[in-house]
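Protein chains in written order, with this note's numbering: chain E, 1 to 347; chain D, 1 to 533.
Below are the PhoX-like pairs computed for lysine-lysine, each with C-alpha atoms no more than 25 Å apart in a straight line:
1) D:K19 to E:K165
2) D:K16 to E:K223
3) D:K465 to D:K446
4) E:K245 to D:K19
5) E:K165 to D:K16
6) D:K404 to D:K446
7) E:K245 to D:K16
8) D:K516 to D:K497
9) D:K256 to D:K228
10) D:K454 to E:K244
11) D:K392 to D:K153
12) E:K244 to D:K16
13) D:K19 to E:K244
14) E:K24 to D:K465
15) D:K16 to E:K224
16) E:K224 to D:K19
Stretch by stretch, here's where chain D covers chain E in the computed footprint (C-beta under 8 Å, at least three residues):
17) 136 to 145
18) 253 to 262
Please keep in mind that the hints were generated in silico from the structure rather than gathered at the bench. Beta carbons: idealized from backbone N, C-alpha and C, even for Gly.
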Amino acid sequence: MALLTFTDRGIYCERADVYIDPWKPVRRALITHGHADHSRWGNEYYLATNSAGPVMRHRLGPEAKIQTIAYGEKLKINGVDFSYHPAGHIVGSAQIRVEYKGEVWVASGDYKLEDDGLSEPFESVKCHHFITESTFGLPVYRWEPQEVILADINDWWRENQAEGKVSMLTAYALGKAQRLLQGLDHSIGTIYTHGAIENTNEIIRRQGFKLPPTVRVTREIDKKAYPGNIVVTTPGSVGQPWAKKFNPLSLGSASGWMTLRGARRRRGADRGFVLSDHADWPGLLSAIEATGADNIYVTHGYTGIFSNYLREQGYNAVELETDYGEEAEAAAEATAETDSNPEGTES
Amino acid sequence: MKHFAELFRQLDTTTKTNKKVAALADYFSQAEDRDRLWTIALLSHRRPRRSVNSKLLRAWAGELAGIDIWLLEESYHVVGDLAETIALVLPPPEERHDEPLHFWIEKIQQFPKLTEEERKAEVVNAWRGLEKTERYLFNKLITGNFRVGVSQKLMTRALARAMEIPEDDLAHRLMGNWTPDETTFDQLVLSDNPQAQLSRPYPFYLAYQLEQELKDLGAPEEWQVEHKWDGIRGQLIVRGGETFVWSRGEELVTDKYPEYQNFHDFLPNGTVIDGEILAFTEGKPLGFNILQTRIGRKKVSKKTLQEAPVVLMAYDLLEYGGEDIRERPMNERRKLLEKVVSAATEMENESRLLISPTVQFTDWDELPAERATARERHSEGLMLKRKNSTYKVGRKKGDWWKWKIDPLTIDAVMMYAQRGHGRRANLYTDFTFGVWDGETLVPFTKAYSGMTDKEFNRITAWVRKNTVDRFGPVRSVKPHHVFEIGFEGIQKSSRHKSGVALRFPRMLRWREDKPKEEANTIEDLRAMLEQYG
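Pulled out of the complex, with its shape left as it was, chain E reads as follows (with noise of 0.2 Å):
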């Protein structure tokens, strides 16, 4: 028996009996990071890391019980040694490292190498078995500096503010927009958010990572306050009543999949911005060749043609079926999020 197999309910550790990520209700799941289609509902047990934990509280509600756990601690359970690793993704995301008798396998969940300046930066983890994610694994996928980005995204506000417009920029609520967040320039003008990014943005704060200044949008607010300054908004808002008030408007997006301008058109974004929370082609190659793993099991993304090209390069590679990121394949039509309480406080 393998120490890591892969089942219908997710990654499963059979001698510590407990899964990783799991996708349908288990009794004690270890979780990579906050995002939904890693941490689901109906787990009896969640573990992630200290930092990951608040948001996790906050979208699995007051009942979950959660335990945390600290970047590099060790945690024995039956034998098996598990630790959290930095992943790079997003605030409190983690790699989880598993070894048994000198066997080491390490689950990465979503990462990217790139430090954000928000995240815990991705930390190479030696290991034998490496599950990857393959969002970007194409070789078309190649980001560039994240200050070179956030540098067109301040000059795109600046010139819609010269037009008296309002800028509206989507991004997951948790995440990408803590990050676009703290590479906007406010001495441009009042950042506005809305209620679900706000939400996140207030357990994040209170965490001790600095934010710029925000305004969370509100019925109170007259829409004239608007025009010149900008809304860091969910894609499920865009279009919705909910947005009129921001018009006229010029429409930003940021993601990877912003690389291809097929995605940037379909979605209707007047601008697209190449900016993920995901590695790049390059940046999955080099993340697996460090781990030193022969072994490699790719997840999430464009399985078949990266696991292909990882056994040309000599790796044992193998293709799993999960059901993460059921937004990665399906691309730039991921609607995400809808928010039918955009301007809801906590409640």
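Guided by the hints, dock chain D onto chain E, whose structure is given.
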């Protein structure tokens, strides 16, 4: 190419007409003359021909990017555009080439004279020094399919604004037969070249599909009805002792149709006829599929001329005795057209200039029966034209209507799916459909269009979950979904397993109400071939 790439980015990132025109006008007022000229050419369908075949391009790109061809191919299937795929997989530029647009186009024009090795060196050198958007544009130029979402009309408006000349005058100057190699910006835009005037066509008047009841059109006697012949709309010009034939795509096709070459012998100078380039023999039109055998051929063989001879089926007269008569009422133009055609017919031995007959009717109720004969006459339906209408510019509602016959339809089962291109890259939009032959499905057509983006999203999610097998970019799926396929014609084909080929197949409806067993059969298809093929 920096400025042109910036222009492209601006055009590509907005859907707003005003912004596009403003960006273009700004570019036109700043760019150097040769760049302006080439930009006009590119935006008026005068792009350079493909100068490197895509197989070589893939090989060179793979080599420079250090990836195998299969991986480049897979990437291409995801991106949906080869020029873009190559621009993205190449390593970042090592140096910066700063030459203007015309420098690159003129370089590309030299490619046919170079050996393959020299061509490769030029292309690789360009890739090394251009950034992503510039590379993309360069690739589009060498593969001969440069396109951007700007119509010739918008470009003309922007240029008119930048140069402060009236838009209508400019539109007329930009029509016809010119290339950037043979003219200058001054000659084309600022002065007018008399040689160009000689062959210059008029803009075509195009009709919309009828959207109301026939009786709502008014009195039947105010309308002229003809068949909508199934060929290629064309404009025949005789001026200065020469004949020019233009297709609706503003392409000069005189050389492709030797049948028209001596029309200046029996038509007077200053004659312009709007008509249909129509395959026709022994007093009857042939199907469009016959004409199709000639389209895209560079050389017209003797055999082609025998098997697919064309006539010009005249609809209208635009210029008479050198005078532009488009503003005169149609019945007056029609009388002059009849005069011109009959005079020509007397001089000509074998009649290659015909006049489109009008349908005689006194009551609207008579027309549906006439329309029902369209398919067997190889027409696409009927044209309804108000007798006192002027000849307008472009697609206009009100005076001219096309009343096309309903498509043939068949219910088929989806068998294979493939990702789309461009805007729909990454969505499964290209499907192969089959009909039943006993217990098995026989594929008989592909179809790409007819569904909304929403429906494509749903079917894409379904395809991902119901893939049976993969063959490169193609997935075979569980036979389950039935679609109503519409098409304009059917013919025998030895190249297809089913033995038939359809014309313009598309998805009319997603028949979610229909179980797969109730789709049509190969016998149904054969019966249609028997009747309409």
